[in-house]
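Here is how the chains run, residue by residue.
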Amino acid sequence: MLITRKVEFSASHVCRNPQLPDEENRRLFGPAANPRGHGHNYVLEVTLQGEPHPVTGMVLDLKELKETLKRLVVDVYDHRFLNYEVPPFDNVVPTTENIARDIWQRLEPALTSENRHLYSVRVYETPDLFVDYFGEQPCSA
Amino acid sequence: MFRLTRRYGFAASHRLHTPRLSDDENRALYGKCNNPYGHGHNYVVEVSARGPADPATGCAVATPVLDALVARQVMDAFDRRNLNEEVPAFASAVPTSENLAVEICRRLKRNWKDAFPGEWPKLEKVRIAETERNIFEIEADEIE
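As they're listed, the protein sequences go chains U and B. Quick note on our numbering: the first sequence kicks off at 1 and runs consecutively. Quick note on our numbering: the second sequence kicks off at 1 and runs consecutively.
Since the hints were made in silico from the structure, they are not lab data. Since this is a predicted model, take the numbers as computed values, not measurements. It cannot be assumed that every hint is accurate.
[To be verified] Simulated pairs of lysine-lysine, DSSO-like, Cα-Cα distance not exceeding 30 Å:
id, chain 1, residue 1, chain 2, residue 2
1, U, K6, U, K70
2, U, K6, U, K63
3, B, K125, U, K6
4, U, K6, B, K122
5, U, K6, U, K66
6, B, K113, B, K125
[Claimed, not checked] Cβ-Cβ distance ranges computed for the label pairs, FRET-style:
id, chain 1, residue 1, chain 2, residue 2, range
7, B, V65, U, E8, 22 to 30 Å
8, U, Q19, B, K32, 26 to 34 Å
9, U, D128, B, D114, 22 to 30 Å
10, U, N34, B, L21, 20 to 28 Å
11, U, K66, B, A68, 36 to 44 Å
12, B, A71, U, P87, 42 to 50 Å
13, U, S113, B, T18, 49 to 57 Å
Each residue gets a CB set at the ideal place from its N, CA and C atoms; glycine is no exception.
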């Protein structure tokens, strides 16, 4: 069974690899490479896979999941400039992919137990662009 | 493993009618969609691709490259078009959203390597919403 909780945060970022010339950054990232940065209303959907607990009937109390997402993600990301204020984005480009992976790494230890595990992290940068991350398993052909 | 999904939109007209059935049978089967003058939709297309993140860019899919591919293969061919009369595939196939999903997926798959010559990313699926209530999804592996 899959259960999903959605939260939102707003943050600014710039997609730019300092090891590459400006022209190459503009080619790779388009307007997102503007060095002054820009922002998004990000939407995060976190999905757990597991079985309902025999006593509570819940995979995880969604209230507890909400509090965990607030403490480990929203309090860290919300209304921040990711490149300057949220490691590892001082030296990792804060693409939607890398944000999804960082959120996975923050959440995975806290959400795994004997009856459940983190299944996917979905990050919407805009309604027209989102990334699903499923952990570090190799890509299947 | 990452799956990146990008959403696009185009507006087009179509008419559902097959010469293999009589006019009465077409009306019974397709209902309002059989109107001889045709009708239109604001189609929403979601294209998903999967792969590892490139260590230099942090991207699993270069969205400017994907946008350019979709612009060439989908938007230029479908947006503000009459699908029956202006898209060669629908000279013979009925432009149902099932067949439209197949055609869009086929166009992207055939031209994928020109846009993305490396091993990754791979095209995973195409999802079309004809209206908010009618949604069609096809895996790239389902077609040639």
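Now the hints, each set against the structure:
1. At roughly 11 Å between alpha-carbon atoms, K6(U) and K70(U) fall within 30 Å of each other, so this suggested pair holds.
2. For the hint linking K6(U) to K63(U), the alpha-carbon distance of about 12 Å falls within 30 Å, and the restraint holds.
3. Distance check on the hinted pair: K125(B) and K6(U) sit about 24 Å apart at the alpha-carbon level, within 30 Å; holds.
4. Our distance criterion of 30 Å between C-alpha atoms is met by K6(U) and K122(B), whose separation comes to about 28 Å.
5. A hinted pair counts as satisfied when its Cα atoms are at most 30 Å apart, and K6(U) with K66(U) qualifies at roughly 8 Å.
6. Distance check on the hinted pair: K113(B) and K125(B) sit about 16 Å apart at the alpha-carbon level, within 30 Å; holds.
7. The beta-carbon spacing between V65(B) and E8(U), approximately 29 Å, falls within the hinted interval of 22 to 30 Å.
8. At roughly 58 Å, the beta-carbon separation of Q19(U) and K32(B) lies outside the given 26 to 34 Å, and the hint is violated.
9. Between D128(U) and D114(B) the Cβ separation comes to about 23 Å, which falls inside the hinted range of 22 to 30 Å.
10. In this structure the supplied range 20 to 28 Å is violated for N34(U) paired with L21(B), their Cβ-Cβ distance being about 56 Å.
11. At about 40 Å, the beta-carbon gap between K66(U) and A68(B) stays in the expected band of 36 to 44 Å.
12. Checked against the hint of 42 to 50 Å, the C-beta distance between A71(B) and P87(U) comes to roughly 37 Å, which is inconsistent with it.
13. A beta carbon spacing of about 55 Å between S113(U) and T18(B) agrees with the range 49 to 57 Å that was offered as a hint.
Violated hints, listed in ascending order, are 8, 10, 12; each of the other numbered hints is respected by the structure.
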